[in-house]
Amino acid sequence: MSSESRGEVNPLETSLRLQELVYGLEIRKVMTSEVITVSRQTSMREAQALMKQNAITGLPVTVAGSQKVVGMVSMNDVMNALEKGKMDDTVFLWMTREVQVLHDEMPLSFAIAAFNKYPFRRFPVVDKDNRLNGMLTFRNINLALIRELSQQLNKMEHLIEDSEEADIFDLVKVYSLQQHDFENGGKASTEIKKFLKRRKVPSGVIRRVAVACYELEINLVAHSLGGMLGFDINPERIRISANDLGPGIESLELAMTEGFSTASEWVRSMGFGAGMGLPNVKKISDEFEIHSEPGLGTMILSIIYLKKERGKEGDNDDN
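For the sequence shown, the working numbering begins at -13 and goes up steadily by one.
Please note that a few of the clues may not be correct.
What the hints assert, rightly or not - Below, in silico cross-link-like pairs of lysine-lysine (DSSO-like), each with a Cα-Cα straight-line distance of 27 Å or less:
1) K293 with K269
2) K186 with K54
3) K70 with K180
4) K15 with K72
5) K70 with K103
6) K293 with K159
7) K179 with K268
8) K268 with K114
9) K268 with K180
10) K103 with K54
11) K159 with K54
12) K159 with K114
13) K179 with K159
14) K15 with K186
15) K268 with K293
16) K183 with K15
17) K173 with K159
18) K173 with K269
19) K179 with K293
20) K173 with K186
21) K103 with K114
22) K186 with K159
23) K183 with K103
24) K72 with K173
25) K54 with K183
26) K15 with K114
27) K38 with K54
28) K54 with K72
29) K293 with K183
30) K103 with K186
31) K293 with K180
32) K179 with K269
33) K183 with K70
34) K183 with K173
35) K159 with K183
36) K70 with K15
37) K269 with K159
Just so you know, these hints were derived from the structure itself, not from any lab. Predicted, not measured: the structure shown is a model, and the values here were computed from it.
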């Protein structure tokens, strides 16, 4: 009997479940919402006092009344001003003006990619109107990891206690995919298809899930720097997600146009890159989301309901 049917805790599966959940979190659910800011006219001495008083090492510089971020002033900037006897200078003269911001609706995976790419220890978080809405540090991410881990441990404990009644449809799996690894591309979708067949999921649903998984799997291998494919099923729905490490999509409108492709000639020579993958996934999904940031990566989410009648023929045919 497998550990899945006995309800035993598999440490690797728990880790992957946590990873998938965290990658699905939005930045606004993790960030610090109450942010202390300074204006361009604030003196370096005042900025130093604010940092000391609040035990922080950096402050966003905003335009008064608009909350638009125009710079960041750090403790390192304060030390440089102190060394040169310029503590009465305005922060405008010392701040970093090229500020990398994150958007509050981005998945947390984008933030993790940003921390890996840039040397910054904190990122201002802005809303859809580019107004400051929070700050994100790696401490925020660590706390989110601890919170999610605690919740998952509690769920796994209940699963053990109720192993006799454990629902066979509760499962989360995450697959790691490497750039241009076409040899293994497609294995995850094949495994998921076999799993659904064993669970006697209607064949029409299986076909849609298999297509979505395969298209997203190949998209990760052919068009990204690598990433993760997530599969999450419960009695109500199936969720398939793809999170990559870049390079991101310049135009989502073009990317969702049938026939549009940025695939290289080499990828095309392998039989991929026809430009139908993402439009196909959207077409067969009950819910579909895509978020991308050039230079950081792309997150795609497809949800297919198990109990929703779509009026399609063949949903109960043998596959």
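Violated hints - listed by number, lowest first: Structure breaks hints 2, 3, 4, 5, 11, 12, 14, 16, 23, 24, 25, 30, 33, 36.
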